[in-house]
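Chains as they are written, first to last, in my numbering: chain A, -2 to 271; chain B, 6 to 289.
If you are wondering where the hints come from, they were derived from the structure by calculation, not from laboratory data.
All values derive from a computational prediction rather than experimental measurement.
Take every hint as true, because none was put in to throw you off.
As a list, the in silico SDA-like pairs of lysine to any residue whose alpha-carbon atoms are at most 25 angstroms apart:
| id | chain 1 | residue 1 | chain 2 | residue 2 |
| --- | --- | --- | --- | --- |
| 1 | A | K60 | B | E143 |
| 2 | B | K58 | A | I158 |
| 3 | A | K191 | A | P202 |
| 4 | B | K58 | A | S206 |
| 5 | A | K143 | B | R122 |
| 6 | A | K172 | B | E174 |
| 7 | A | K178 | A | R209 |
| 8 | B | K58 | A | M218 |
| 9 | B | K261 | B | A279 |
The lines below spell out each chain.
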Amino acid sequence: MKDITLGQFFPGDSLIHRFDPRVKLIALLLYMVELFLVKTLFGFVFMAALLALAVLISRIPMKLMFRAVRPLLLLILFTSLLNLFYTKGDTLFRVWKLTATWQGLELGLFMVLRISLLVLSSSLLTYTTSPIMLTDAMERLLSPLKALHVPVGELAMMMTIALRFIPVLVEETDKIMSAQKARGADFESGGILKRAKAMVPILVPLFISAFRRADELAVAMECRCYHTDGERTRLKSMAMARRDHVLIAVMLLLIPAILFGTNRVAFSIIPKTL
Amino acid sequence: MKEQDMVEMIDLTFSYPGEKDGAVLKEVNLEIEKGSFVAVLGHNGSGKSTLAKHMNAVLLPVGGKVYVEGIDTADADRLFEVRQRVGMAFQNPDNQIVATIVEEDVAFAPENLNLPREETAHRVETALKAVDMWEYREHSAHQLSGGQKQRVAIAGIIAMMPHCIVLDEPTAMLDPLGRTEVLNTVKKLNEEQGITIVMITHYMKEATMAQRIVVMDRGRIAMDGTPREVFSRVEELKDLGLEVPQATALVHELHKLCPALPDNVIDEQEAADAILHLFKEGAV
Ligand SMILES: Nc1ncnc2c1ncn2[C@@H]1O[C@H](COP(=O)(O)OP(=O)(O)O)[C@@H](O)[C@H]1O
Ligand SMILES: [Mg+2]
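Using the sequences plus the hints, can you model the full thing?
Laid out in structure tokens, this is it:
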């Protein structure tokens, strides 16, 4: 459980940390769109190299980056296996009634790369941006929706609180689990049904505590004059600098670079002789 | 209403909606003087937290009136004026900190008050320096110790520039070190900045820091006086389910045997001095 790094922030002052959070958000969205435009292995290598460069600049340890993917490893493995066996094409090998294909292997590999890069790039964003700045950025980007009576400010506040409480609740889950284990609870053995049942004594106290926390936090926020109507100032201003313009320009230029560049590099793992 | 009163409660009566077991607060009359340090004692369920929540309009009286610097807390138009004047800190710092990063959390109240950015930044700095947490401004609150978290929570209140801070068992979840940190901070705020302090606690020793102790029992004020006055009433305190500090209890028992000893010491130092004095006089 300690491995959950979802939404964590590691303060620093690298270039990546200093980009305007709105720009970082847009850059991430563009990067994700581009991952879906990529059609060749060369393209993925190129995108991965870009991300690796960003990680190096941010000085976030690689170990932390990989920790972000770990919880999804099983999912990634499963989808790539599906791809490996269920894609029609030239036979690679057979197991029992299933045929693995070269095309499947390539597609599976793409899938692994795409999901991993999606997770890694979004983790880099949350690792290098404080949650408040992130939710502020979302609020500002979505502020046109206020005209449609979408409660953008409140949604952003919910997001802030959710991000803030992830580590608290993770720690709490850990504590409850050890307490239950000490009383002889067993979470590791048995079938899915048995394991699911074993989770009940964890979830019940967790929910009770979460509700109590919510109650107390609401009072504490009230005491600090929180209100949903009217404006709130922000401690930090957001101002775009030249570096932000450059980042957006680069991310936009990547689209033609992928469509007309990497996608045309006929480099494939499928042997030509087939 | 006296000019120097921070909070004034007149015949305050309160019961939680839907609860049938009678009022939680029964005709409480209490004045908190500006600049004073008041401790509130009482066993569990005696109504301390309920009383505290009336001081900044989190709860509104069912009967009677509460005034904060002359403002009726029931006046909905002046709600934020009341909340700005009386800040409130609670037991669990984890459930008071809204933002992930220390300085962002401290900025929460000024942001809500829609203060200009420079003013917000200035208040964050002043508040964090007042609780000695300025070096930690960019840390993530989750990684701090309990005492540090509670000090950040207090900074978040100071940033409103309140005239009074109500603390509801602020040290109950802390280790001894964290407890000392928080108590020193509270004391400093009272002495150096003249902020009125109302501190609810169930540690008798902490209550001796105050100039005045109010003891609650079943929704009423059972005792009200200086620590010396209150702690000399050992039997009454025991009847209310409270323990007096060990030093006080010891000298109180000795006093019964040897009336030459005073009956109102409040800490170990005084107890030691009194006993030493007795020996030097050669009375024993
Ligand atoms: N939110 C609530 N709803 C209903 N009853 C409550 C609530 N909070 C406290 N009470 C009741 O009010 C009484 C006083 O509680 P409280 O003010 O929390 O006491 P203390 O802080 O001295 O322990 C208790 O009997 C408690 O059960
Ligand atoms: Mg209480």
